[in-house]
Amino acid sequence: MTTTPEAIPTATPPHPARMRFLVGGGLLLAAIVYLILTTAAGSSTYYYTIAELRARGGSAVGEPVRISGAVLGDSIVYDANTLELRFTTVNIPGEQSEIDARGGLAAVLHAATTDPRAVQLPVVYHGPRPDLLRHEAQAILTGQLGADGVFHADELLLKCPTRYEQQLPQQSAAR
Amino acid sequence: MIAALSLPHLLLADFGLSAALLAFCSALYAIPAALRKDARWLASARNAAIAPFVLLTLAVACLEGLLYSGAFGLQYVNAVTSRAMPWYLRLTALWGGQAGSLFFWCWLLSGYSALVMLRNWRRERDLQPGVTIVLMVTLLFFLGLVIGLENPFNKLWVAPGGSVSAGILQPAGALPFAPADGRGLNPLLRHPGMIIHPPMLYLGFIGFVVPYAFAIAALVAGRRDDAWIRVTRRWTLVAWMFLSLGLLLGGRWAYDVLGWGGYWGWDPVEIAAFMPWLTATAFLHSVLIQEKRGMFKHWNMSLIILTYALVVLGTFLTRSGVLSSVHAFAQSAIGPWFFAFVALMACVSLGLLLKRWELLRGDNALDSWLSREGLFLLNNLIFMGIVAACLWGVMYPIISELFTGQKVTVGPPYYERTTGPLFAALLLLMGVAPLAAWRAGAARRLGRAFWKPALVAGLLPAGALLSGITQLAALLGLWLAALVACVTLYEFYRGAQARARITGSGFWPSFVQLVLRNRRRYGGFTIHLGVVLMAFGIIGIELFQSETQATLAYGEQLSIGNYQLRYDSLVEFPAADGRVITRATLNVNQNGRLVTQLFPRRDFFTDSQQPMTIPAIYSTLAGDLYVLLVGWEPAGAGGATFKVYVNPLVNWLWAGGLVFIIGTLVATWPERHELQTAAERARALHLPARSVTGGV
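Protein sequence lines correspond, in order, to chains A and B.
Under the working numbering, the letters of the first sequence match residues 1 to 175, in that order.
Under the working numbering, the letters of the second sequence match residues 1001 to 1696, in that order.
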């Protein structure tokens, strides 16, 4: 019901084409949803902490995963001739709430690199050495654990919270 | 004795903070004043909504003064500037960090609000209370965050124990503290693209608050006409243009700085900025149908609300540290507040929309899928499909953790596979829709109009096939882009031809007249041509990028495509702003002829211990030769390693971006008759005023 002076139909008059649009639109949306869901299922990677990945042992080998850890500066070895980059990452908590509880990302990264008992993971990556790769940076790696116990990273993202508290620029590198 | 802020700095900081506080109070006052059903109160509310812009301009000027002159006793100034930074980077550090950029955001928001008050006040009187309230509530929220949680005027204090804290008020026993130098902006952000990219993005983001405010006001006022859409049309276009420009500049920055020749990484923050762009683009299309045929009213209202909700959601995702991303700001306390704001906004908007649902019934019903309206609806559904794919990808880690306790992420392949087909469908629609008639859509008629351009466009993939390109995606993409180009160029030709026949003037004068008289239509077609050029660029770099790497001694060379690169020398020298530059010289031959010299570098910022790889790029229409210096032997030994990419057609992407923006400008520019009516309106408004003063 309406108070406007013009005559306004309170309901759209029944229209023969209406059904066609509902069905057609519905089919299109269903197709899009199907595309999204199947692709997401097919290309998703688990996000583990280094400790979780290590705990999975042999079953983790070859499985595409994403991990995040602190970079040990002394472990960085870069061969500019072959663009082979090796370094060791140290476990940090995966939960944001836990990181916050321990004083923020910078503190967590610092604690990880100075803790001799923390779980470590060697990493190999092929490509130019990213500018932000340094001691106590956070590395976010996508790739898989090899049978040799080394993590083979396809993609490498870095954050350095210690230097720039206001903003955390990162640099990402893709193969 | 510890150094403290100098007296002028102290005055500037306190004056700036006071101005910001006054702006907050003024905005707060405007809300109850706008609610009074009284013309004088409403006029007062209007003034109170303009005042924050003046006050925040003063406050921003103070902060700029502090940044420029190096008031390192302020937490924000200390974090984003240093003595070594050139003046323009110190000034643009205003948006280099969380607190400053939020403050900058507030200032732009107050600017938009003041402009709305000044430009749109006399028209649409009954919408004014609603518009004022929505704008001021938004301003209060952001300004409240700035003042309460992320204050750029926070001073540094040092406690007797030596620990440094930041705050507005002096903690008991603590002394003011001003370090001799600041920590400076991250070198990676010291790029011209980074100077203009954020303001453009913000101008785009914030601009969508204007159509949103008018939409909400129209819902509150229970209006069923769509005058508000006409009022805000240009606002939406302006915001959309800035957002497009921001996205393009961000892509260019990534291409130049991040060092792998990529312009778009499907990073959550990029997607967060892309989603409102998608919904706004859908809106700009479907609003045409509402204006012409009075349809899609619910849909358009929903799109306006969704666009603005995605703007706030994007800001929240970027700044709260919820997502891991290339751009994320530091974790901060603003997260929960943002979340509450988004939730409140969404609930109020949806509630209002449902309340007024009946009022927004369409005047006409759809007749056929193949009519212009039907194809526009299809276009909108596909845009929504892309938004859904993006949103699902961004939220996937959060959703999966909620239900399975395990974080699962999706990467660029997911986005490419889901949005790729949808973008292709959009291109197809872009080629078909201009051929379709309003209302009636007969398949046969459309087919007759379609087969010629379809066939002509087929020449391009056919040529590509003959030259050895067999990738189906590339051939299909080339055909679609060529189809859009054919149809769009034919539209221009047909219009100009018809006009030339009627007016009897030449083709080109008619062409110019045509565009000038129908700016929205032909601006839109120009944008489509920009998209076509961009599509060629994207097909080139995504499907045909090639790369190589080699370690060379002096005089040695490497080959890629038809280029030969000879490594000549390597020099190392210090630069004025405290960086040490290592620069290689390469001679580039193409098919045996020397075409250019390239100087890929690696700069090392000694103060922040931060290296920065700067690519050398040789650009032609055929593509970019993109060279990185990725390693070298210690001085003299002569060996250096280069990573080299050939990015075919990538400059079509940038050129297409330029055409895109030009098209948007054409579409946004007021048409002559509008300017005339505006002038008449102004005269009409001034005449009585003059007669009044004459009477006095």
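Simulated from the structure, these hints should not be mistaken for lab results.
By construction, the Cβ of each residue, glycine as well, lies at the ideal position given by its N, Cα and C atoms.
Keep in mind that the hints are not guaranteed to be accurate.
[Stated by the list, open to error] Here's a subset of chain A near chain B, in silico, CB distances under 10 angstroms, partners left out: (1) Leu29; (2) Ile32; (3) Ser59; (4) Ala60; (5) Val61; (6) Glu63; (7) Arg66; (8) Ser75; (9) Asp79; (10) Gly94; (11) Arg102; (12) Gln120; (13) Pro122; (14) Arg134.
[What the hints assert, rightly or not] Estimated spans, in silico, between C-beta atoms of each pair: (15) B:Gly1458 / A:Thr82: 26 to 34 angstroms; (16) A:Gly57 / B:Phe1403: 35 to 43 angstroms; (17) A:Thr82 / B:Ala1180: 42 to 50 angstroms.
Should the interface hint for Arg134 (chain A) be scored as holding, given a Cβ-Cβ cut-off of 10 angstroms against chain B? With a minimum Cβ separation of about 7 angstroms from chain B (threshold 10 angstroms), the hint on Arg134 (chain A) holds.
Hint validity - Gln120 (chain A) Cβ closer than 10 angstroms to any chain B Cβ: 21 angstroms, violated
With a cut-off of 10 angstroms, does the beta carbon of Ala60 (chain A) approach a beta carbon of chain B closely enough for the hint to hold? 13 angstroms, violated
Using the nearest Cβ pair, does Ile32 (chain A) come within less than 10 angstroms of chain B? Ile32 (chain A) check passes; min Cβ-Cβ to chain B is 4 angstroms, inside 10 angstroms.
Would the stated hint for Ser59 (chain A) survive a check requiring a Cβ distance to chain B of less than 10 angstroms? Result: violated, 15 angstroms to nearest chain B Cβ.
Gly1458 (chain B) and Thr82 (chain A), beta-carbon distance inside 26 to 34 angstroms? 45 angstroms, violated
At a threshold of 10 angstroms, is the proposed contact between Gly94 (chain A) and chain B supported by beta-carbon distances? With Cβ-Cβ at 7 angstroms, under 10 angstroms, it holds.
Is the interface hint for Asp79 (chain A) satisfied, with its Cβ closer than 10 angstroms to some Cβ of chain B? 8 angstroms, holds
Restraint: Glu63 (chain A) near chain B, CB-CB cut 10 angstroms. Satisfied or not? Since the shortest Cβ distance to chain B is 12 angstroms, the answer is violated.
Under the criterion of a CB-CB separation shorter than 10 angstroms, is Val61 (chain A) in contact with chain B as hinted? 18 angstroms, violated
Taking the least C-beta to C-beta distance, is Leu29 (chain A) closer than 10 angstroms to chain B? 7 angstroms, holds
Status of the Arg102 (chain A) interface restraint (C-beta, 10 angstroms, chain B): Not OK, violated: Arg102 (chain A) not within 10 angstroms of chain B, min 12 angstroms.
The structure does not agree with the numbered hints 3, 4, 5, 6, 8, 11, 12, 13, 15 and 16 stated previously, though it agrees with the rest.
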